[in-house]
Structures are given as structure tokens and as C-alpha cells.
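Number of protein chains: 2
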Amino acid sequence: MKVKLIESELARLGKVPRLNLVNSLSGYKSANLIATANSKGQTNLAIFSSVIHLGSDPALLGFILRPTTVSRHTYDNIRDTSDYTINHIHEDMIESAHQTSGKYPAGHSEFEATGLTPEPWQDHRAPFVAESKIQIGLRFEEEHLLEANRTRLIVGRILEIRFPSEIQDPDGTLDLSRAKVVTISGADTYSLPATIRRMPYVRL
Amino acid sequence: MKVKLIESELARLGKVPRLNLVNSLSGYKSANLIATANSKGQTNLAIFSSVIHLGSDPALLGFILRPTTVSRHTYDNIRDTSDYTINHIHEDMIESAHQTSGKYPAGHSEFEATGLTPEPWQDHRAPFVAESKIQIGLRFEEEHLLEANRTRLIVGRILEIRFPSEIQDPDGTLDLSRAKVVTISGADTYSLPATIRRMPYVRL
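Protein chains in written order, with my numbering: chain A, 1 to 204; chain B, 1 to 204.
Isolated chain A (complex conformation):
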């Protein structure tokens, strides 16, 4: 049976069913840990399912910060130091990565709380996550405040990439399945994709 819900019906759902339903509607989402530090060196680590590709020349990634997010420190630290790292979540990191979504008290690092290990990034404040196979260091570029709900799109330029050579295909692509990178759907479901096929460029 096909369900049809219009905007007013969606608005009348309870908060949790609406959140769960709408969170499913974009499709599968990326699963990353964003690591930052403030100018005093206090680190912060938070899970994000909103990292998106914006362009390859210059190489840019974006992510969405919610106004009510537990990871408000991520924003403060990025604006403080301008640098941050995006680190992929693998199958064996789901538990510890998900733990970063808790509301830890100020002055308490999620690295200590979850057992994940900060890996220094030369003279940058923000550390990488040592357990992640795919690590990306970025510099803040611009931000856009959405009028519709006060979320922010944060745009960063890629300064450095680290990955194991064995997951790269000859054409440059990183095979995420070889690194057992996971994907998030809805609010809290973790899945592991299996490659079906690569499609050729469409020429007419």
C-alpha cells in the first residue's frame, strides 16, 4: 500500500516519528568524524552524516551544522583556528564513533571518552583520527547561514589527504568498500555497502 503524506500531515506527526521519517528521505549519508581543537589545544571530536563533495578543482568539501547540535564546539573551534579534519568511519569504529554524539561536559575531550586516538597534523591545531584509514585535513573557506532553519553550510578547502595505497584504483578513485567505510541512513542506522557496478561516462 502506498502512503501519501502532505506537509500539514507531516507537521502533525510527533517529533520523533517525523525526525526519523525525514532523516530517511535524503537517502544514504556519509559517515565521518570531524576533529578540531581550540587555540589552547583542547580537542573536540564529533560524528557527522552531512559531509558532501562540492568540487575537485579546487578540492572542496562541505558539511551542515545544526543550530542545536551537540557539536557546537566544532563550529567554535573552526572559527577560532580555521582548520579541521574529516575522518572516515569504518565498520570496526561504529561503536566509538557513535559515542561522540553524547553531550560531554565542556573541557572534556571526546577522544578520551571514546578511546579514539588523536594523530598530529604537522603544525596544525586540529588532529586526525589515527584509527581512520581515510583522513582529510581542511581549511575553513566560507559559511552560509540558511534562513529556513538557521543551519549552516561550512565550506572547506582540502589541504592534505592520507589513505592506504592499497585502496586506490588505477584511475584515482578510492574504493571505499575495501576500507570498509560505512554509511548512515535515518537517524541511527549504520550499513556497509557492497559494490554492484561502475557505470561508464554517458556519451551521446
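Simulated from the structure, these hints should not be mistaken for laboratory data. Keep in mind that a hint or two might mislead.
Which copy is meant is left open, because identical chains are indistinguishable; a pair holds if it fits in one copy or across any two.
Below are the DSBU-like pairs computed for lysine-lysine, each with C-alpha atoms no more than 35 Å apart in a straight line [unchecked claim]:
no. : residue 1 : residue 2
1   : Lys40     : Lys15
2   : Lys133    : Lys2
3   : Lys103    : Lys15
4   : Lys40     : Lys4
5   : Lys180    : Lys15
6   : Lys2      : Lys103
7   : Lys40     : Lys133
8   : Lys40     : Lys2
9   : Lys133    : Lys180
10  : Lys40     : Lys103
11  : Lys15     : Lys2
12  : Lys4      : Lys133
Given the structure is predicted, the values throughout are model-derived calculations rather than measurements.
For this one, chain A is given, so just place chain B on it according to the hints.
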């Protein structure tokens, strides 16, 4: 062996290896078809891997439009009529959905070229894709032009949702795996995720 690439090395890669590499870096991406029509009723259909969740109250989705995209008609039609639909891509639609990425001549609809079927949406211009199990009708809300590379974030408000009742969990979540929704990684790899686990809300 761990590969480290800094910004200047990334810039010196050839266009295709750089595009393939950077396209892999955000992680798994959503796989959707966006359908629009202009005010004369001429339809357009294009594949997007950049649809993201922005919030559930109000229910908002975003997507990224590249300045050089073949789906420039998507933007023109949305600004013309304000409405568009986002339709999930399933395993058995990969071939036809991918075909929409070709550069079809003006006045030629991708619906005809790919064999996908437009499904009317009441009095709205934009059609749904009949073959998609999860269909979302939206109204344009706002756009943000990124200075860094002239791409646009398009923000839309959800007006209607259509899905088969059997893929919804009791808590409201749509189980994308039951609908065989696919995910895209890199420039052209389609994968089918299998659920590993749902994680509980983290309380401290």
C-alpha cells in the same frame, strides 16, 4: 603503505585522477533523480548524488548544483516554477537513472530517452518518477552561491512524500534497504548497503 598528498600535489594530478580521487573523499553519497518541468510543461530529469538532509521541522532537503552541470535545466525549471521532485534510485533503476547524465539536446526530455515514466503530482508542474518507491515533492525555498567555486546549494521544503507502507519501521524510519535504494561513491560507482546495526541515542 600510507599515501600523503598535500594541496599542491593534488593540484598537479591530471584532471581525471584528481576528479576521481576527490569525488571519493566525502564518503558514500545519496542517489536520486530530480524531476522538473518548465512553465510550458517540458520535463527534465537528472541524476544527483548531492541531496542532503537539512532539518525535519520544517522538513528541508538540500542539493548542490555545479556551474558546469549537464542538468542546468534543473535549475532553470526550479526558478521558473518553484517546484521539483526528488526520487530515490533502486537497484533495478541504475542503468536508466545513469543515462540521464548524458547531454541531451534542448527540447528532448530525459524521461523519453531513458524509458522512465513521469507520474503526475496534482496541480504541480514537476512530475514524480513512477518507478521510484520513495518520492518527495518540494518547493524551492532559498539558494546560496558558493564563492569558492560558483556551485549553488538549493534548499527546498517538503510538500509531499509518497512511499510503500511496508518499508516504514514502527518508529517512523524508512528502511532504505527494504526498498533496495542504492548509494553512489566516487564519480560512478553504485553500491547496495546492507544494514549492520541501529545504535541507541547516547545518554551520559
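Results of checking the hints against the structure:
Taking the shortest alpha-carbon separations for Lys40 and Lys15, neither the intra-copy value of 38 Å nor the inter-copy value of 39 Å comes in at or below 35 Å. Taking identical chains as interchangeable, the C-alpha atoms of Lys133 and Lys2 lie at most 35 Å apart only when they sit on different chains, with a minimum of 9 Å there against 42 Å within one chain. In this assembly of identical chains, Lys103 and Lys15 lie within 35 Å of each other by CA distance solely inside one copy; the values are 20 Å within and 42 Å between copies. In this assembly of identical chains, Lys40 and Lys4 lie within 35 Å of each other by CA distance solely across copies; the values are 27 Å between and 52 Å within a copy.
In this assembly of identical chains, Lys180 and Lys15 lie within 35 Å of each other by CA distance both inside one copy and across copies; the values are 33 Å within and 27 Å between. Only between protomers do Lys2 and Lys103 lie at most 35 Å apart by alpha-carbon distance; the minimum there is 34 Å, versus 38 Å within a single protomer. Proximity of Lys40 and Lys133 under a CA criterion of 35 Å is satisfied intra-copy only: 27 Å inside one chain copy versus 50 Å between copies. For the homomeric pair Lys40 and Lys2, the shortest alpha-carbon distance between copies (30 Å) is at most 35 Å, but the shortest distance inside one copy (55 Å) is not.
In the homo-oligomer, the alpha carbons of Lys133 and Lys180 lie at most 35 Å apart both inside one protomer (9 Å) and across protomers (28 Å), since each shortest distance falls under that limit. Taking the shortest alpha-carbon separations for Lys40 and Lys103, only the intra-copy value of 21 Å comes in at or below 35 Å, while the best inter-copy value is 52 Å. When the C-alpha separation of Lys15 and Lys2 is checked against a cutoff of 35 Å, the pair qualifies only within one copy, where the shortest distance is 22 Å, while the shortest distance between copies is 45 Å. In this assembly of identical chains, Lys4 and Lys133 lie within 35 Å of each other by CA distance solely across copies; the values are 12 Å between and 42 Å within a copy.
The structure fails to meet hint 1 from the earlier list, while all remaining hints are met.
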